[in-house]
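*Asks:* Sequence:
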Amino acid sequence: MKEYKNTGSKDTRSGFGAGLTELGKTNENVVALCADLTGSLKMDDFKENHPERFFQVGIAEANMIGMAAGMTIGGKIPFTGTFANFSTGRVYDQIRQSVAYSGKNVKICASHAGVTLGEDGATHQILEDLGLMKMLPGMTVINTCDFNQTKAATLAISEHNGPVYLRFGRPKVANFTPEDQKFEIGKAVKLYEGSDVTIIATGHLVWEAIQAAVELNEKGISAEVINIHTIKPLDEEAIIASAKKTGCVVTAEEHNFLGGLGESVARTLAENHPTPQEFVATQDTFGESGTPAQLMDKYGLNAAAIIKATEKVLKRK
1 MKEYKNTGSK
11 DTRSGFGAGL
21 TELGKTNENV
31 VALCADLTGS
41 LKMDDFKENH
51 PERFFQVGIA
61 EANMIGMAAG
71 MTIGGKIPFT
81 GTFANFSTGR
91 VYDQIRQSVA
101 YSGKNVKICA
111 SHAGVTLGED
121 GATHQILEDL
131 GLMKMLPGMT
141 VINTCDFNQT
151 KAATLAISEH
161 NGPVYLRFGR
171 PKVANFTPED
181 QKFEIGKAVK
191 LYEGSDVTII
201 ATGHLVWEAI
211 QAAVELNEKG
221 ISAEVINIHT
231 IKPLDEEAII
241 ASAKKTGCVV
251 TAEEHNFLGG
261 LGESVARTLA
271 ENHPTPQEFV
281 ATQDTFGESG
291 TPAQLMDKYG
301 LNAAAIIKAT
311 EKVLKRK
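Sequential numbering from 1 applies to the sequence shown in the UniProt record's numbering.
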């Protein structure tokens with residue numbers, strides 16, 4: 001099996017910051033808006049070097065979305081930044097009415113997603129955001145797995161015309177994808193070829209899927225691993241082709257099993273190639289306070305949970 005090496009753990013939010021810094025230098029139409037969380041979103045460098053293109057709106061997320069929508073009319077490409085909970089649930093009406101309905105070119109960039117926000121607890125964590133955003137017509141939804149991929153995605157969405165939800169996280173995680181990667185919106189990345197089971201993962205669970213595949217291989221189980229960084233538009237062709245080959249699927253995500261990646265995959269398979277599937281995700285619950293590692297373990301969002309789901313789905317083939 002190919003060995004994926006962690007080149008140095010980094011937080012994905014810093015990948016966003018690095019991408020935004022580069023865009024500040026290369027695209028004068030890019031503007032940034034933040035809701036009083038500049039440091040947390042790693043937007044400091046953009047603010048310092050392009051103060052005329054940075055707007056600190058304070059704790060006024062709904063106003064931030066409205067301002068961003070208005071800026072697109074003048075040809076600007078606004079990137080909004082705050083926690084995922086406040087980027088979606090708090091401002092859903094404004095996103096729906098002012099951004100999605102008219103297809104405004106706003107990039108909604110959301111950090112601290114999922115339970116790995118950790119000690120701030122359930123009120124700041126969100127496990128429903130992918131579902132909320134993918135239901136909006138015309139909204140592109142991206143959930144990146146490491147620093148390099150987040151930076152690449154940040155650059156790529158600046159060239160995409162239309163609203164985008166870019167989701168990333170707080171903690172330092174393995175950085176294992178290529179630094180010079182070409183990020184293609186809507187294009188899955190196959191990490192391992194396999195014949196017994198397809199593991200489809202997104203975000204922080206991609207690294208866990210890699211670890212699971214290695215352990216499964218030692219048990220004689222050949223796992224195909226697919227990194228789905230774009231939840232919408234979904235790479236249905238890649239999913240269907242893999243399911244036809246392996247005959248069973250496990251999906252893994254740091255999100256509620258209702259409304260997330262797993263549900264999109266299940267719909268795709270139901271319509272095209274009905275296949276046994278198991279879901280590694282939170283089970284219709286809110287999170288709680290704890291370290292990221294503790295919460296990932298409690299809610300079954302790790303390699304061990306993926307292996308358990310694989311063993312279960314193999315019996316259903």
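I should point out that these hints are in silico values taken from the structure, not numbers from a laboratory.
Some hints here could point you the wrong way.
Said to hold, decoys possible - DEER-style ranges, computed between Cβ atoms:
#1 K245 - D36: 46 to 52 Å
#2 K25 - G74: 18 to 24 Å
#3 G89 - N6: 28 to 34 Å
#4 I73 - R96: 29 to 35 Å
Just so you know, even glycine gets a beta-carbon here, dropped at the ideal spot from N, CA and C.
*Asks:* Next, verify each hint and record whether it holds.
*Replies:* Going through the hints against the structure:
Here the CB-CB span from K245 to D36 is close to 49 Å, well matched to the stated 46 to 52 Å. Distance hint check: the CB atoms of K25 and G74 are about 21 Å apart, consistent with the given range 18 to 24 Å. The hinted range of 28 to 34 Å is satisfied by G89 and N6, whose Cβ atoms lie roughly 32 Å apart. Separated by about 18 Å at the C-beta atoms, I73 and R96 break the suggested range of 29 to 35 Å.
Hint 4 from the list above is the single one not met by this structure.
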